[in-house]
Amino acid sequence: MPKKVISRVCLLVISAAVLMVCAGCRIQPRVRTLPPEIQTVYVPMFINSSYEAGLEELATRATVEAFLADGRLNVVSKPEQADAVAQGIILSFDNRVSSTDSDKFPLLSTMEVNFQMKLYSPKDRLNPLNEYEEVSVSHSYVSDVRRMTMTVPEDALQTLLEGVGRQAVLEVLTGKWQPGVVKK
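Numbering (our numbering), first residue to last: -17 to 166.
Everything labelled a hint here was simulated from the structure, so no lab data went into it.
For glycine and all other residues, C-beta sits at the position ideal for the given N, C-alpha and C.
Any given hint might turn out to be false.
[As the list claims (entries may be wrong)] Listed below are the simulated DSSO-like cross-link pairs for lysine-lysine, each with C-alpha atoms no more than 27 Å apart in a straight line:
{"id": "1", "residue 1": "K(-14)", "residue 2": "K60"}
{"id": "2", "residue 1": "K(-15)", "residue 2": "K60"}
{"id": "3", "residue 1": "K100", "residue 2": "K60"}
{"id": "4", "residue 1": "K60", "residue 2": "K105"}
{"id": "5", "residue 1": "K100", "residue 2": "K158"}
[To be verified] Listed next, with one range per pair, are the computed distances between beta-carbon atoms:
{"id": "6", "residue 1": "D85", "residue 2": "A51", "range": "56 to 66 Å"}
{"id": "7", "residue 1": "E116", "residue 2": "V(-9)", "range": "49 to 59 Å"}
{"id": "8", "residue 1": "E94", "residue 2": "V134", "range": "14 to 24 Å"}
{"id": "9", "residue 1": "N56", "residue 2": "V(-9)", "range": "55 to 65 Å"}
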């Protein structure tokens, strides 16, 4: 009988240890770092420093839609109505062939955008409240025109910029924040 008790206690201890290890491995969601006094945001047209014309308009629209879908901040149409201005800067754009067949015909292509978000006070657009780290978003798509599953580059670009919008919202809400920088 004592051997049964000892084996049950050992099983219980091992189970508890496994549970503790598993509990420590769970994914931690990003926490809001944006100060609570910022409840409304204005998103001006992105600044486009890449060679690809027109990205700024599509990225701005995607970011506004992402803020609206997220719902944690209200988006306003005029900077003077906002608690903060979220300015996006497209640093680079690349559309490259990722994979080819034996005839060097492109099968897969990858689009990539690098961008940065800056948060300003509506009263001072020269000195940012916060500058977030550079973010890279990429999207791979079937570019082989001989296939039925081919993706049109314009659709791939739209998908890519929707990802830019989601990442921009994540950066503004949960990106690295320097405490005490916000001035009223």
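* Could you tell me which of the numbered hints above are not met by this structure, giving the numbers in increasing order? => Numbers 1, 2 and 6 - these are the hints that the structure violates, sorted from lowest upward.
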